[in-house]
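Could you put together the complete structure from these sequences and hints?
Taken in sequence, the protein lines are chains A and U. Per the working numbering, the very first residue in the first sequence carries number 1; after that it's consecutive. Per the working numbering, the very first residue in the second sequence carries number 1001; after that it's consecutive.
Be a bit skeptical, because a hint or two may be false.
[Said to hold, decoys possible] Partial pick of chain A residues on the chain U-facing surface, computed with a CB cut under 7 Å:
#: 1; residue: ILE29
#: 2; residue: ALA56
#: 3; residue: ILE59
#: 4; residue: MET60
#: 5; residue: PRO132
#: 6; residue: ILE168
None of these hints come from the bench; they were simulated from the model. As the structure is a prediction and not an experimental result, all values here were calculated from the model. Don't be surprised by glycine CBs; every beta carbon is placed ideally from N, CA and C.
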Amino acid sequence: MNSESIVFIVLAVLIALFSVLSVTTKRIIRAATYLLFVLFGTAGLYFLMGYTFLGAVQIMVYAGGIVVLYIFAIMLTGKTPDAKQHSLSLAKKGAALVAALVGAGLLMFVIISHQFVSQSLSAEVTNEAAAPIGEIGSSLLSAGEGGNLLPFEAVSVLLLACIIGGLIIARKR
Amino acid sequence: MFDFAKVTNWIDALLLSFLPGWAATLVECVLVALAIITLYAVFAIILIYMERKICAFFQCRLGPNRVGKWGSIQVLADVLKMLTKEIIDMKNVDRLLHKMAPFLVIVASMLTFACLPWNKGAEVLDFNIGIFFFLAAGSIGVVGILLAGWSSNNKYALIGAMRSGAQIISYEVSIGLVMLTMIVLTGTMSFSEICQQQADLGWNIFRGHVPAVLAFIIYLIAGNAECNRGPFDMPEAESELTAGYHVEYSGMHFGFYYLAEYLNLFICAGIASTIFLGGWAPFHVPGLDGFNHVMDYIPGAVWMVGKTFFVVFLLMWIRWTFPRLRIDQLLALEWKYLMPMSLVLLVLMAICVSLGLTL
Chain A
1 MNSESIVFIV
11 LAVLIALFSV
21 LSVTTKRIIR
31 AATYLLFVLF
41 GTAGLYFLMG
51 YTFLGAVQIM
61 VYAGGIVVLY
71 IFAIMLTGKT
81 PDAKQHSLSL
91 AKKGAALVAA
101 LVGAGLLMFV
111 IISHQFVSQS
121 LSAEVTNEAA
131 APIGEIGSSL
141 LSAGEGGNLL
151 PFEAVSVLLL
161 ACIIGGLIIA
171 RKR
Chain U
1001 MFDFAKVTNW
1011 IDALLLSFLP
1021 GWAATLVECV
1031 LVALAIITLY
1041 AVFAIILIYM
1051 ERKICAFFQC
1061 RLGPNRVGKW
1071 GSIQVLADVL
1081 KMLTKEIIDM
1091 KNVDRLLHKM
1101 APFLVIVASM
1111 LTFACLPWNK
1121 GAEVLDFNIG
1131 IFFFLAAGSI
1141 GVVGILLAGW
1151 SSNNKYALIG
1161 AMRSGAQIIS
1171 YEVSIGLVML
1181 TMIVLTGTMS
1191 FSEICQQQAD
1201 LGWNIFRGHV
1211 PAVLAFIIYL
1221 IAGNAECNRG
1231 PFDMPEAESE
1241 LTAGYHVEYS
1251 GMHFGFYYLA
1261 EYLNLFICAG
1271 IASTIFLGGW
1281 APFHVPGLDG
1291 FNHVMDYIPG
1301 AVWMVGKTFF
1311 VVFLLMWIRW
1321 TFPRLRIDQL
1331 LALEWKYLMP
1341 MSLVLLVLMA
1351 ICVSLGLTL
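Printed below as a string of structure tokens:
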């Protein structure tokens, strides 16, 4: 067992723990905070693998963007800081259980049928996987082989539509 | 220039001679963390003393002058006071989030502090995406501020947190764009490469001339707002909001916010000196070889800290000179003036670089 697997196990346990906490807690703002720690753990996994760009994007977009957006939304809409959720009905609990089991089954099926476990155990861990930033940039904006220009532009059109929608909702009449 | 990597390599080899690889890494991590925390505390003390003295001189007062010569150990006494103060437990607050929020702020601040390049070979966190990581780590702090405001169960704290959140998120846009402008000039995002380039080719503010100077000014304005300081300290606004998001905090939990505020000022100035003023790169005049040779004898860390304190002084000058803005003026300044200006600057810098107009 090398130091990388120790760090991986610590991160994995933290991610699992905070994921469970974030769905079981009764306070919505705490759920958002636990989600933040789950996202930090995921970013930690990326850094462990040497994908520093992906890790920084994870922190920037999810932790610094999405969770802040959630907290803003909760602060603007919540009534009191200790407003608790009412307990769920039995039917909803059953549906949640079925969804969770089906999801877990599907994930296990994919992992086992593609032999990810045996591959990752035999693969050598390298920290040199980090692609240079110039390479990432040019593949993001190239239209040729392996280029991602079309999805990039599609996302930017989507964001533009979001901005215009937000402006229309917020404009003064 | 002296390469600090020699020292770190020597320590690494020394530890590896009697420890297995993982243990040596662990010991090095602990040593680096201790060094960072010590520097963090020492710089906080120096900055608080500097702020009080500079504030006093701008207001024609003397400032602290009772404890020690020129009040020099006043801040140490304040630190002791802060450490021994009681942390008051309140009713009707979300205890867990209330206790955790200051730590989020201080962790974000320390992560960004670790990105600063101190000397050649003395960078702690140095990735190929250094500047991007710096921006990402800095964006964690706003979560701590929002959670502090929410969990305090106090309307002043909540309003302060909302204002602070809106302000930090808005001004992050200009900071990101200004940094992008400088990345266009340098062509790299790694702090060590940016510094090395400036040591070889001259400081970025001279190389990028007009767009770089304008970017530096926008960075100073946006950075000041990002630290919740200066004319932009709306989140605190003592007269209307008592103290903003940390009004309910006491003892060392308040101390963490105080520490993070001053260190964010230092980090903001440190990044300004790294990407505009050359970091540890000494001041060189092309052609004056004797002068350049003398400048090379001054260690890189002295250059770095000296430039940083120069920028800190500029920021304090701004803070104690201008009156506070209203919150709507604050957001209008960012979204209607600074952000369009930084977008134009980005295009201008791209044109300059592609036409080879940089020095």
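(message) Hint A/ILE29 vs chain U: min CB-CB distance below 7 Å?
(response) Nearest chain U Cβ about 6 Å off; hint holds.
(message) Given a cut of 7 Å on the nearest C-beta pair, is the interface hint for A/ALA56 held or broken against chain U?
(response) holds, 4 Å
(request) Answer holds if the nearest beta-carbon of chain U is closer than 7 Å to that of A/MET60; otherwise answer violated. (result) Because about 4 Å separates A/MET60 from the closest Cβ in chain U, which is inside the 7 Å limit, the hint holds.
(message) Given a cut of 7 Å on the nearest C-beta pair, is the interface hint for A/ILE59 held or broken against chain U?
(response) holds, 4 Å
(request) Using Cβ atoms only, decide whether A/ILE168 comes closer than 7 Å to chain U, and label the hint accordingly. (result) violated, 17 Å
(request) Let me know if the C-beta of A/PRO132 comes in closer than 7 Å to any C-beta of chain U, holds or violated. (result) For A/PRO132, the interface hint holds, since the closest Cβ of chain U sits about 6 Å away, which is under 7 Å.
The structure is inconsistent with hint 6 alone, although it conforms to all the rest.
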